[in-house]
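Undergrad: Below are the chains, spelled out letter by letter.
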Amino acid sequence: MNLVVTLQGVGGFFGRMERTHPLLPWLLAIVALLPLPLILSGLFNDYYVYLANRICIFIMLSVGLNIVKGFCGQVTVGHVGLYAIGAVTAAILSTNFGFSFWMTLPAAIFIAGLAGVVVGVPSFRLEGAYLALATLGLGESVRIMISVTPYLGSSTGLGGIPAPSAFGFTFDNFTRYYYLVMPIALVGIYLSFAILRSATGRAFQAIREDTIAAAAAGINVRKYKLLAFVISAMYAGCAGAMFAHMRPGYIHHNNFTIIEMVTLLLMIVLGGIGHVWGGVIGAIIVTIIYDQTKDFYFYQPLLFGSSMVLLVIFMPQGIGGLIDRYIVTQRFIDARREAGDGTS
Amino acid sequence: MEALLGFLIFGVTIGVVYGIVALGISLIYTGLDIVHFAHGEIYMFGAFLGLVFAHQYNVPYWLAILCAMIVTGLLGIVIERVFYRRLTRAGGGYTVAGMGMIICGFGMSVVLQNIAFLIWGADAEPFPVNFGMPYQIGEIFLPKSYVATAVAALVLMGGLHVFLKKTKIGLAVRAVAQNKDIAFLMGINVPLMISLIFGVACAIAAAAGVLIGPMQSVQVEMGYLMLMKAFAAAVVGGFGSLPGAILGGLLVGIFENLGAAYISGSHKDIYAFLLLILVLMFRPQGLFGVEAKVKA
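Residue numbers (the numbering used here), protein chains in the order written: chain A, 1 to 344; chain B, 345 to 640.
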């Protein structure tokens, strides 16, 4: 119960700040997260700063996947393919054409968005398992395409991707890179909330709850489904570009296998499908666990797979659902207590 | 001309194997209303079990197929009883538990693959079976393993057909696939039939694994690609249709091998996905016009 009170307190605090100015809590969050790499490298070592970077990239991925899967209810399992498209686009544009990060990032987002259209079009006619099959096929064909085409890296991978730089400042180690990816990840989370609260987000949720009723209420189902896919693909493309430019600036098709997809799925299942913070919490927890169990490399898939199966069976709402339920229960208790006071 | 025929023969043989796995996936879909994403790993387990029976216990090849089928079928029943049953029940009756079931299947496939890796290691194991010299028809050599595969597939299909259409239990299985509530009211033991369907589907996948062993080697990661191709076969033939699954398997096998021969060999694995996506986008009910059962 203490947890609930704390959460409500934090929520209320953020709510008050948000009334002062809508962007204030986000600015505060950025400021609060600024000293993190110094603390991490001071307490442990540089490797943990690298981990923080990875978490930021995975937050982008899981938040993006949550938009199409959690908000709009479309089952897609080809998200890693879009991530790969973003990474490869950024890598090729920067190594072969000499574009800077500030050009490759929008390009990767754009190309991944186009690929999102391709992934989204089957969703017009397909539902549930069929859609999962189609997206799985698309995602995996992207990876196979990369692994057999020499221009896209094939078996040797693409290397020598330069670190981003701005005004003479190069983001060439993990501590510096953190100051690039952390704000981007926070902007991603903010935009995700903005989408959820807008009319678009309500249309997504209407489609998730009942497609036919949504269509009857005047929502252009095809348009919004496609929009959900494109937005989530753009998140994935952004994450891909951030991954490609991170030191050591090397990508390989083994970075985009089905195992990554499973890790990603576990993140949003653990965090709670449809909860923005759930995706963030899931990304943090899973990345840390993934790293801490590296010594037991052989047993990792077993751990991840079985926790996924057990989560789906016993805790289908994830951590986000658990928190929701506590808050709702607490409200009921409060309401009943107040009602009881009134009558007696 | 000989080259083309050679590719066609290989395509048909491998297509038959795709078709057998697709048969199991279709069977599970009609019976349980779920798409089983861990079926490729069941197939891989079957192949390894066949290898163990054939080489460690020195049973003859055809008996190894049978033993692998039985053991994998039992394994499938255990998995269904322990894990999937809770999910299929969660949706109220045996309806699609949608996303949960798909994610659960994914998790299960990773778990099974890891278990197989821990038991048998990551190396590709050869599965030599001596069938004797290939048949020679004119200029074309037809390896006996291909013939054996085709014959075994025919036997399996025939057996499944007889089981579903001629026996009383088969009638019960079809009733369960049609409507579980009414089947239950008719006095059919629905949970038992569900387990049976799952077990039979897993046994069929194991047979496919042992059949493909002599043609390719047996390794831990073989399940995933097979799953995708079997999905493609099932979708091309119309999901949930049993003859369609075999036809779709043949089509995928031939399409893939002709593509590999005449377009680009290194892109071989993409052609099946291409076919899958094209069919899903333009004819989701399958190429042969079978009315696919769309269940809510």
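If you're looking for bench data, these hints aren't it; they were derived computationally from the structure. Each residue gets a CB set at the ideal place from its N, CA and C atoms; glycine is no exception. Hints are not guaranteed to be accurate.
Simulated restraints on C-beta separations [as the list claims (entries may be wrong)]:
1) A:Gly157 / B:Leu407: 42 to 50 Å
2) A:Leu34 / B:Leu418: 25 to 33 Å
3) A:Met103 / B:Pro478: 54 to 62 Å
4) B:Val422 / A:Gly157: 39 to 47 Å
5) B:Gly514 / A:Ala194: 50 to 58 Å
6) B:Ile607 / A:Ala194: 20 to 28 Å
7) B:Ser610 / A:Phe296: 47 to 55 Å
8) B:Arg627 / A:Gly157: 32 to 40 Å
9) B:Ser608 / A:Ile289: 36 to 44 Å
10) B:Ile607 / A:Tyr326: 56 to 64 Å
Undergrad: Run every hint past the structure and note whether it holds.
TA: Going through the hints against the structure:
1. A:Gly157 / B:Leu407: 42 to 50 Å: The hint (42 to 50 Å, Cβ to Cβ) holds, given that Gly157 of chain A and Leu407 of chain B are roughly 46 Å apart.
2. A:Leu34 / B:Leu418: 25 to 33 Å: violated, 58 Å
3. A:Met103 / B:Pro478: 54 to 62 Å: With Cβ atoms ~58 Å apart, the hint holds.
4. B:Val422 / A:Gly157: 39 to 47 Å: holds, 41 Å
5. B:Gly514 / A:Ala194: 50 to 58 Å: At 56 Å between Cβs, range holds.
6. B:Ile607 / A:Ala194: 20 to 28 Å: violated, 46 Å
7. B:Ser610 / A:Phe296: 47 to 55 Å: The hinted range 47 to 55 Å is violated for Ser610 of chain B and Phe296 of chain A, with Cβ atoms some 35 Å apart.
8. B:Arg627 / A:Gly157: 32 to 40 Å: For Arg627 of chain B and Gly157 of chain A the Cβ distance comes to about 38 Å; the hint holds.
9. B:Ser608 / A:Ile289: 36 to 44 Å: Cβ of Ser608 of chain B to Cβ of Ile289 of chain A: about 41 Å, so the range 36 to 44 Å holds.
10. B:Ile607 / A:Tyr326: 56 to 64 Å: holds, 57 Å
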